[in-house]
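Participant: Next come the chains, spelled out residue by residue.
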Amino acid sequence: MAILRVNPTRMELTRLKKRLKTAVRGHKLLKDKQDELMKKFIDLIKKNKELRESVEEELINAFKNFLIARAVMSSDIIEEAIMYPTEKISLELEKKNIMSVISPVFELIKNKEEKEDAEGIYPYGLANTSGELDNAIYYLQKVLDRMIELAQVEKTCQLMADEIEKTRRRVNALEHVMIPQLQETVKYITMKLDENERGNRVRLMKVKELVQKDA
Amino acid sequence: MNIMEMMGSNAGLYLAFLGSAIAAGLAGAGSAMGVGIVGMAAGGVITEDPSKFGRTLVLQALPGTQGIYGLLIGFLIWSKVGVFGTFVNVTFEQGLMLLAAGIPVGIVGFFSAIYQGKAAATGCSIVAKRPEETAKAMVYAAMVETYAVLSLLASFLMLNSINL
Amino acid sequence: MNEDNYIYSVTRIRALENKLLDKSKIDRMVEAKNPEEVIKVLYETSYAGSVSEIKDIGDYEEMLSKEIENTYKMVKEMAPEPELIDIFLLKYDIHNLKVLMKSSFLNEDNDDLLTNIGTIEPVKLKEMIREKNFIFLDPEIKRGLEEIVNSFSINPDPQVIDIILDRCLYTVMSQIAKNSNNSFMVEFVRLQIDLININMFIRVKAMGYGREFLKKVFINEGRLDYNFFVDAMDEPVDILKDKLLISDYSNVISEGIDNYIKTKSLMKFEKLSDDFLLDYTKKGKYVAFGIEPIVGYIMAKENEAKIIRIIMVGKINNIDNELIRERLRDVYV
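Chains as they are written, first to last, in the numbering used here: chain U, 7 to 221; chain S, 400 to 563; chain F, 40 to 372.
These are computed hints drawn from the structure, not numbers from a lab.
Here a beta-carbon is modelled for each residue, glycine too, at the ideal position from N, C-alpha and C.
Certain hints may be false.
[To be verified] What the simulated footprint calls covered on chain S by chain F, stretch by stretch (three residues with Cβ under 8 Å from a Cβ of chain F suffice, anywhere in the stretch; the number is not a length): (1) 430-441; (2) 501-510; (3) 517-524.
[Said to hold, decoys possible] For lysine-lysine, the following DSS-like pairs were computed, each having C-alpha atoms within a straight-line distance of at most 25 Å: (4) F:Lys94 x F:Lys115; (5) F:Lys321 x S:Lys535; (6) S:Lys528 x F:Lys115; (7) S:Lys528 x F:Lys58; (8) F:Lys324 x S:Lys528; (9) F:Lys345 x S:Lys528; (10) U:Lys70 x F:Lys321.
Make the full structure from the sequences, and use the hints.
Facilitator: Okay, here's the thing in C-alpha cells:
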C-alpha cells in the first residue's frame with residue numbers, strides 16, 4: 007500500500023490523524039446512507055416491476071383492440087374519429103428530495119371542457135366506427151394515470167441507482183483507498199518519528215558518554 | 400259494305416299487301432329490337448373484354464332470324480299475288496285469307512324476337528362470367544326460336560292452302 | 040325504372056366480376072410471408088395498375104381509396120340511375136364534413152384526411168364550412184350542420200358532430216332509396232340501419248350510458264324502432280337473442296352475441312353483419328337485369344378493400360395467419 011508523500015513531521019501526523027478520523031466517520035455515514043438507499047431502492051424496484059407489468063398488460067390489450075379497429079376501418083375514418091379529443095391533459099412537474107436524490111413528481115391535470123352532460127371519453131359517433139375502438143380507447147384511458155406513475159417511479163429508480171452507484175464508489179474509495187492509505191501513512195510517520203526519537207536518544211546517550219569520559 | 404265499295408275490285412289485293420306488311424314489318428321490327436338489346440349487352444362485355452367479340456356476335460345474330468322468316472312469308476305472298484310479274488285477280492275472301500296467313504309470323508315474330516333478345520342478353524352475362532358455357536347460353540336463347548319457327552310453319556301452311 | 044336500361048351496365052358488371060379477387064388469390068395473400076409478397080400477389084390481379092404506383096408499403100391505404108374512387112366513378116358513369124349510387128357515396132361526403140367541422144372547431148388543417156370519393160368535391164365543402172353557408176347541401180344535412188354549429192357554441196362536444204352527421208347520413212340514404220321506389224335498395228338501407236342500431240345498442244350498454252344517450256345516437260329509419268331497444272335496456276344483452284329469434288338477423292345475433300359475451304369484443308358481430316349485408320346483395324348474382332348486380336359489385340369491391348386492408352395490417356404487424364383468416368370477410372365471388 008502506497009503511502010502519502012508527506013513530510014514525516016509531528017504536525018503532519020496530527021493533521022493526518024484528524025483526516026483519518028473524518029474519513030472513518032464519513033465512511034460510516036456513507037455506509038449507512040448506502041444501506042438506506044438500497045432498502046428504498048429495492049422497494050421501489052418491486053413497485054416498478056408490478057406497475058410495469060400491469061401497464062404493459064393493459065397496453066397490449068389496448069393495442070390489440072386498436073389494431074383490430076385499424077384493420078377494419080380505413081385510416082381516414084379512424085383518424086377522423088379520434089382527431090378531436092374530449093379532454094385536454096397537462097403535466098405538472100415537482101421535485102422531491104429522497105436522501106439527496108432529486109426525483110421528479112408528476113401530476114396529471116385533466117381539464118375537461120365544461121360540459122353539462124358528461125359524455126365520457128369517446129369523441130366519436132358510433133354508427134361508422136368499430137366496437138374495438140371503444141375498447142382500445144377505454145383501456146388507454148384507464149392506463150394513462152398509471153403510465154404517468156410508472157414514468158415517475160422509473161425515473162426515480164434510475165436517479166436512485168445513479169446515487170447508489172456514486173455512494174458505493176465513495177464508500178469503496180474510503181474503505182479501500184483513503185483509510186488504509188491514511189493508516190499506513192500515520193503508521194509510517196509514527197515509525198519514522200519513533201526512529202528519529204531513538205536516533206536522538208542514541209545520539210544523546212553517545213554525547214553523554216563522551217562528555218562523561220572527558221570530564 | 401261501304402268499305403268494300405271504297406276499295407273497289409282491288410280489295411283482295413289490298414288485304415294481301417296488308418298481310419305481307421304485317422308479316423315482314425312486325426317480325427322485322429321485333430328482330431331489330433331484339434338484336435339491339437343483345438347489342439347493348441354485348442357492348443357491356445366488350446368494354447371490359449374485347450376478346451369475346453365472336454361469341455357475343457353469335458348471340459346477337461339469334462333474334463335476327465324472325466325478321467328473315469317474316470320477309471320470307473312476305474315474299475311468298477307477293478309472289479302469289481304477282482308482284483314480280485303481272486297482278487293476279489284476288490277476291491275479297493282470298494285477300495282476307497292472305498292477310499290471316501301473314502299474321503302468325505308477324506305477331507309471334509315480333510314478340511319472340513324481343514324476348515329472344517333478352518334471353519340472349521342474359522346469355523352475354525354468361526359469356527362474360529363463364530366463357531366456357533357459351534353453348535348453354537345459346538341453347539336458352541334458341542329455345543325461343545322454336546315458337547318463331549312454329550309460327551313460320553303456321554303461316555306457311557296457311558299460305559300453301561290458298562289457291563288463286 | 041325499366042330494366043332494359045340496365046342491360047349494358049349489368050353485362051359489363053358481369054365481365055368485371057371475373058376480375059374480382061378469388062379465394063385462391065386471397066389465400067395466397069394470407070399465406071404471404073411479408074407485406075411485399077402480398078403486393079406481389081396483387082400484381083397478378085386487376086389491382087396491378089394501382090399497385091405499381093406504390094412506392095412504400097405504407098401507401099397501400101391510398102392505393103385502396105384510389106381503387107374505390109375509380110370503381111365508383113365507373114359505376115356511376117354506366118348506371119342508369121346514378122342517384123342510387125349516391126346511397127353509397129354519401130358516407131364519404133359525411134366523412135369529409137366531419138373532418139371539416141372538427142378541423143374548423145379545432146382551428147386546424149386536416150386536408151390529408153379528406154377523400155375525393157364523395158358526391159361533392161372536398162374543396163367546395165370546405166368553402167361552405169368556412170362561410171357557414173349550407174344552402175347547397177341536402178336540406179337534411181343542412182339542418183344537421185346548423186344544429187351542430189348551435190350546440191357547439193353552448194357545449195363543445197366532438198361526439199355531437201359525429202352523432203348528428205351519422206343520423207343525417209342514414210336519413211338521407213333512406214330518403215334516396217324511398218324516392219327511387221326501388222324495393223331492393225329500400226330494404227338494403229333498412230337492413231344496414233338495423234344492424235348499426237343493434238351494434239350501437241350493445242356498445243351503449245357496454246359504455247354504461249342510459250336511454251338518453253341511446254336516443255341521441257339511434258337512427259330512426261330501420262325496421263326495429265326505438266321502443267324495441269328501450270324495453271331491452273335494463274336486461275342483459277342476451278335478451279336480443281330471444282327478441283330477434285324469428286327475424287332475419289337471428290344468425291348474426293345469436294352467434295355474434297354469444298361471442299361478445301365470451302370475449303367482450305364485437306369483432307365477430309361486426310364481421311357477421313358485414314357478411315349478412317354482403318349475402319343480401321349476393322342476390323344480385325341471380326337477378327338478370329336491375330340495380331342488384333351493380334350494388335353487388337360495389338359491395339364486393341368495398342369488401343375487397345377491407346380484405347386487403349386486414350391482410351396488410353396483419354402482415355405489417357406480424358399477426359398470425361390464422362387470426363387474419365378469422366377476421367376476413369366472406370368473398371363475393
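Participant: Work down the list of hints and note, for each, if the structure agrees.
Facilitator: How the hints compare with the structure:
{"no.": "1", "hint": "430-441", "verdict": "holds (count 4)"}
{"no.": "2", "hint": "501-510", "verdict": "violated (count 0)"}
{"no.": "3", "hint": "517-524", "verdict": "holds (count 5)"}
{"no.": "4", "hint": "F:Lys94 x F:Lys115", "verdict": "30 Å, violated"}
{"no.": "5", "hint": "F:Lys321 x S:Lys535", "verdict": "23 Å, holds"}
{"no.": "6", "hint": "S:Lys528 x F:Lys115", "verdict": "21 Å, holds"}
{"no.": "7", "hint": "S:Lys528 x F:Lys58", "verdict": "9 Å, holds"}
{"no.": "8", "hint": "F:Lys324 x S:Lys528", "verdict": "11 Å, holds"}
{"no.": "9", "hint": "F:Lys345 x S:Lys528", "verdict": "24 Å, holds"}
{"no.": "10", "hint": "U:Lys70 x F:Lys321", "verdict": "32 Å, violated"}
Violation of the numbered hints given earlier is confined to hints 2, 4 and 10; the remaining hints are satisfied by the structure.
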